[in-house]
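Peer 1: With the working numbering applied, the sequence shown has no gaps in its numbers, which climb one by one up to 77 at the end.
To be clear, the hints were calculated from the coordinates, so they are not data collected in a lab.
Model, not experiment: these values are computed from the prediction.
There could be a bad hint or two in this list.
Unchecked claim - Here are the computed distance ranges between Cβ atoms for each label pair:
{"no.": "1", "residue 1": "Val11", "residue 2": "His72", "range": "28 to 34 Å"}
{"no.": "2", "residue 1": "Arg9", "residue 2": "Glu40", "range": "38 to 44 Å"}
{"no.": "3", "residue 1": "Arg4", "residue 2": "Ala60", "range": "17 to 23 Å"}
{"no.": "4", "residue 1": "Gly73", "residue 2": "Pro29", "range": "14 to 20 Å"}
{"no.": "5", "residue 1": "His72", "residue 2": "Gly8", "range": "34 to 40 Å"}
Stated by the list, open to error - In silico SDA-like links for lysine to any residue, alpha-carbon gap of 20 Å or less:
{"no.": "6", "residue 1": "Lys12", "residue 2": "Leu22"}
{"no.": "7", "residue 1": "Lys12", "residue 2": "Gly58"}
{"no.": "8", "residue 1": "Lys12", "residue 2": "Ile23"}
{"no.": "9", "residue 1": "Lys12", "residue 2": "Ala60"}
{"no.": "10", "residue 1": "Lys12", "residue 2": "Glu24"}
{"no.": "11", "residue 1": "Lys12", "residue 2": "Gln35"}
{"no.": "12", "residue 1": "Lys12", "residue 2": "Ser32"}
Note that the Cβ used here is the ideal one computed from N, Cα and C, for glycine as well.
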Amino acid sequence: GIYRWEKGRAVKGRPDAYEPELIEQLIVPYLSEAQRAVEEGIVADADLADAGLIFGTGFAPFRGGPLHYLAHGKAAQ
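My request is simple: use the sequences and hints to build the entire structure.
Peer 2: Written out as structure tokens, the structure is:
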């Protein structure tokens, strides 16, 4: 998740409390690189990329993986 840090500790808050620009700056490159890895044949297909990023980076599994998230237009919300 995305957390604010105060006095050396993560302060967990509501996700909607964060600036949309900050979230965009963090998630857009992540989504773009996942997509590029499939397009360039680094990863065989979107399902494998999604699985790798769910297990490897902790992408929220209930979202189906970053490429599933992109394909269903949820990244724009």
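Peer 1: Work down the list of hints and note, for each, if the structure agrees.
Peer 2: Taking the hints in turn, this is what the structure says about them:
1. Val11 / His72: 28 to 34 Å: 31 Å, holds
2. Arg9 / Glu40: 38 to 44 Å: 40 Å, holds
3. Arg4 / Ala60: 17 to 23 Å: 19 Å, holds
4. Gly73 / Pro29: 14 to 20 Å: Given about 19 Å between the Cβ atoms, the range holds.
5. His72 / Gly8: 34 to 40 Å: With a Cβ separation near 38 Å, His72 and Gly8 satisfy 34 to 40 Å, so the hint holds.
6. Lys12 / Leu22: 16 Å, holds
7. Lys12 / Gly58: Distance of about 17 Å is within 20 Å: holds.
8. Lys12 / Ile23: Given that 20 Å is the threshold and the Cα spacing comes to 15 Å, the pair holds.
9. Lys12 / Ala60: 17 Å, holds
10. Lys12 / Glu24: Roughly 19 Å separates the two Cα atoms, so the pair holds.
11. Lys12 / Gln35: 29 Å, violated
12. Lys12 / Ser32: With a Cα-Cα distance of about 27 Å, the restraint between Lys12 and Ser32 is violated, given a limit of 20 Å.
The structure is inconsistent with the numbered hints 11 and 12, although it conforms to all the rest.
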